[in-house]
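With these hints in hand, go ahead and build the complete structure from the sequences.
Chains A and B are the protein sequences, given in the same order.
Residue numbers 1 to 177, in this note's numbering, belong to the letters of the first sequence in order.
Residue numbers 1 to 346, in this note's numbering, belong to the letters of the second sequence in order.
Because the hints were derived from the structure by calculation, they are not lab data.
Hints may be right or wrong, so weigh each one.
[What the hints assert, rightly or not] Taking beta-carbon pairs under 7 Å as the criterion, some of the chain A residues facing chain B (in silico):
| # | residue |
| --- | --- |
| 1 | Ile59 |
| 2 | Tyr61 |
| 3 | Met74 |
| 4 | Leu100 |
| 5 | Val138 |
[Claimed, not checked] Derived DEER-like restraints, expressed as beta-carbon distance ranges:
| # | chain 1 | residue 1 | chain 2 | residue 2 | range |
| --- | --- | --- | --- | --- | --- |
| 6 | A | Leu104 | B | Pro113 | 56 to 64 Å |
| 7 | A | Arg173 | B | Glu103 | 53 to 61 Å |
| 8 | A | Asp49 | B | Ala339 | 31 to 39 Å |
| 9 | A | Gly101 | B | Lys77 | 51 to 59 Å |
| 10 | A | Leu20 | B | Ala74 | 21 to 29 Å |
| 11 | B | Val332 | A | Ile65 | 35 to 43 Å |
| 12 | B | Leu48 | A | Ile22 | 56 to 64 Å |
| 13 | B | Ala74 | A | Phe146 | 49 to 57 Å |
| 14 | B | Phe19 | A | Leu9 | 21 to 29 Å |
| 15 | A | Trp114 | B | Phe19 | 42 to 50 Å |
| 16 | A | Thr147 | B | Phe107 | 43 to 51 Å |
| 17 | B | Ile200 | A | Asp49 | 34 to 42 Å |
| 18 | A | Asp49 | B | Lys73 | 44 to 52 Å |
Glycine included, every Cβ here is placed at the ideal spot set by N, Cα and C.
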Amino acid sequence: MPETLLFYLFSGIAIVASALVIGQRNPMYSIMLLITSFGALSALYIQLDAPFVAMAQIIVYAGAIMVLFLFVVMLLNAPQEDGAEWDRAHPLRRPGVSRLGALLAGLLIVQLVWALMRATDASTAVNASGDVAAISSVRSVGRVLFTNYVFAFEATSILILVAMVGAVVLAARESGR
Amino acid sequence: MDQATLRFVIQLLIIGFTFFMLINASALLVLAERKIMGFMQQRYGPYLVGPHGLLQPLADIVKLLFKEELRPKAADKWLFTLAPIISVTAAFAAFAAVPWGAETTFFGLLDTPVKLGVADVNVAVLVVFAITSMGVYGIVLAGWSSNNKYSLLGGLRSSAQMISYELAYATALASVIMLAGSLSLREVVDAQDGFWFRVIPRWYLFLQPIGFIIYAIAGVAETNRAPFDFPEAEQELVGGYNTEYSSVRFALFPQAEYINMTTMSAVATDLYLGGWHGVPFLDRLGLGWMVFLVKVGVILFTYIWVRWTVPRYRYDQLMQFGWKWLFPAAVVNLIATAALILYFNA
Numbered sequence: 001m002p003e004t005l006l007f008y009l010f011s012g013i014a015i016v017a018s019a020l021v022i023g024q025r026n027p028m029y030s031i032m033l034l035i036t037s038f039g040a041l042s043a044l045y046i047q048l049d050a051p052f053v054a055m056a057q058i059i060v061y062a063g064a065i066m067v068l069f070l071f072v073v074m075l076l077n078a079p080q081e082d083g084a085e086w087d088r089a090h091p092l093r094r095p096g097v098s099r100l101g102a103l104l105a106g107l108l109i110v111q112l113v114w115a116l117m118r119a120t121d122a123s124t125a126v127n128a129s130g131d132v133a134a135i136s137s138v139r140s141v142g143r144v145l146f147t148n149y150v151f152a153f154e155a156t157s158i159l160i161l162v163a164m165v166g167a168v169v170l171a172a173r174e175s176g177r
Numbered sequence: 001m002d003q004a005t006l007r008f009v010i011q012l013l014i015i016g017f018t019f020f021m022l023i024n025a026s027a028l029l030v031l032a033e034r035k036i037m038g039f040m041q042q043r044y045g046p047y048l049v050g051p052h053g054l055l056q057p058l059a060d061i062v063k064l065l066f067k068e069e070l071r072p073k074a075a076d077k078w079l080f081t082l083a084p085i086i087s088v089t090a091a092f093a094a095f096a097a098v099p100w101g102a103e104t105t106f107f108g109l110l111d112t113p114v115k116l117g118v119a120d121v122n123v124a125v126l127v128v129f130a131i132t133s134m135g136v137y138g139i140v141l142a143g144w145s146s147n148n149k150y151s152l153l154g155g156l157r158s159s160a161q162m163i164s165y166e167l168a169y170a171t172a173l174a175s176v177i178m179l180a181g182s183l184s185l186r187e188v189v190d191a192q193d194g195f196w197f198r199v200i201p202r203w204y205l206f207l208q209p210i211g212f213i214i215y216a217i218a219g220v221a222e223t224n225r226a227p228f229d230f231p232e233a234e235q236e237l238v239g240g241y242n243t244e245y246s247s248v249r250f251a252l253f254p255q256a257e258y259i260n261m262t263t264m265s266a267v268a269t270d271l272y273l274g275g276w277h278g279v280p281f282l283d284r285l286g287l288g289w290m291v292f293l294v295k296v297g298v299i300l301f302t303y304i305w306v307r308w309t310v311p312r313y314r315y316d317q318l319m320q321f322g323w324k325w326l327f328p329a330a331v332v333n334l335i336a337t338a339a340l341i342l343y344f345n346a
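Pasting the structure below:
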């Protein structure tokens, strides 16, 4: 029973904080709320017996990526989002673009519903293999990551490397070298 | 009292004791810092309050508590209040995952031994790392919400510095984790029990000398201590991120800093100096935590010693050093450790 209560508490925090992220005029508040949402998500991971994922979530997202966001917002020094300046000519404000956005959002919802309907089978599959401690241990996460999913892992690292090289090139061009 | 209640009470006492020691650590460190600084600069340091100035921290606290609390009109009300709270909460919370003593029955009081430490987490290294990395928000938000350009610069510097040195810090940690084969601090400590050739303690300090140095340097940078105290560099930034703060809100920042120092030293003791192991006779009595305290004290003294010996770097030197020397050194150390482990295990 307390597990269920905690689950609803943290999911509630995650949903409310995520919704509020969009509603803020001040980007700083948006960032703080996003961090709150990440924290609540990580609590949910702990409840799912995945302490490693939970900690990785905090270290990577809340600890490193959001600090970068914060850094950018502070450098831009934008305490308020521009209010009523609707630029109709802006390429992102054209009706075609908005329709595409709506279509993508719709697709995402369909995908989510589909995934949730499948999830009922997945939960039994995990429980069937037994030992929760063995599944949640870092050792087994690492083993699976470097055997079954090694291609995805390496592909991700190459993607990140590409982004890094791109950033270095852009930075070097700005300083005129 | 039956065993279950007794156990519960003792757990509560352990948590309370940890909290009490942490609060006292920050007060004692203020005094120690001023006394050691005085000694190094050939003067007495605080001397008037209590015998040899021993009650100085108390006087400081009373002074800070009774000061007027100010908030600049243009400051962001919510974040300005929240910032010191985040700082100090993260500092306290990080210590929750640090074990500071072996399992003990308190000389037979309990029938099953209890673990000394607030919580025994199986990913303790990551928990400490995650929570201390949240502490940077306190400093960054304080810098931003004060609406003061010096504070803002302090906050910016802090965020850049944290990100840069976190990498080297985590990579140094990873080498020790590979040696111990566990992310649990308690298991890492217990892997260091015993002696080589009956004299040299089996501490990871001797297997990971480079790792320890990297950890120590990155640790000093993570806690914003001199020679890496850029967020509050007085000569350049007035007071840095805490310029606009006063009274209790101000006091929380140095307190968080001192507690972070203590946590950093405690984790270093657990990872590299064998935690509570090292004196077999005390270990057998279940008093290994005293050894732990001594080790933490030695590291803390070195922290203060470094602050009053090494002058502050320049900001570009900080970045150069972090990215071009410390991080590559940590990566090489990691790869070498991995190769040696494979070689000796094969």
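Status of the hints after comparison with the structure:
1. Ile59: With a closest approach of 5 Å, the A:Ile59 hint holds.
2. Tyr61: The hint is violated - A:Tyr61 has no Cβ within 7 Å of chain B, the shortest such distance being about 10 Å.
3. Met74: 5 Å, holds
4. Leu100: Cβ of A:Leu100 sits 35 Å from chain B, so the hint is violated.
5. Val138: 6 Å, holds
6. A:Leu104 to B:Pro113: 56 to 64 Å: 57 Å, holds
7. A:Arg173 to B:Glu103: 53 to 61 Å: Distance hint for A:Arg173, B:Glu103 holds at roughly 59 Å.
8. A:Asp49 to B:Ala339: 31 to 39 Å: This hint holds: roughly 33 Å between Cβ atoms.
9. A:Gly101 to B:Lys77: 51 to 59 Å: 35 Å, violated
10. A:Leu20 to B:Ala74: 21 to 29 Å: Hint holds: Cβ distance 24 Å, inside 21 to 29 Å.
11. B:Val332 to A:Ile65: 35 to 43 Å: For A:Ile65 against B:Val332, whose Cβ atoms are near 26 Å apart, the range 35 to 43 Å is violated.
12. B:Leu48 to A:Ile22: 56 to 64 Å: With Cβ atoms ~57 Å apart, the hint holds.
13. B:Ala74 to A:Phe146: 49 to 57 Å: 52 Å, holds
14. B:Phe19 to A:Leu9: 21 to 29 Å: About 25 Å separates the Cβ atoms of B:Phe19 and A:Leu9, which means 21 to 29 Å holds.
15. A:Trp114 to B:Phe19: 42 to 50 Å: With Cβ atoms ~48 Å apart, the hint holds.
16. A:Thr147 to B:Phe107: 43 to 51 Å: 49 Å, holds
17. B:Ile200 to A:Asp49: 34 to 42 Å: The hinted range 34 to 42 Å holds for B:Ile200 and A:Asp49, with Cβ atoms some 40 Å apart.
18. A:Asp49 to B:Lys73: 44 to 52 Å: 49 Å, holds
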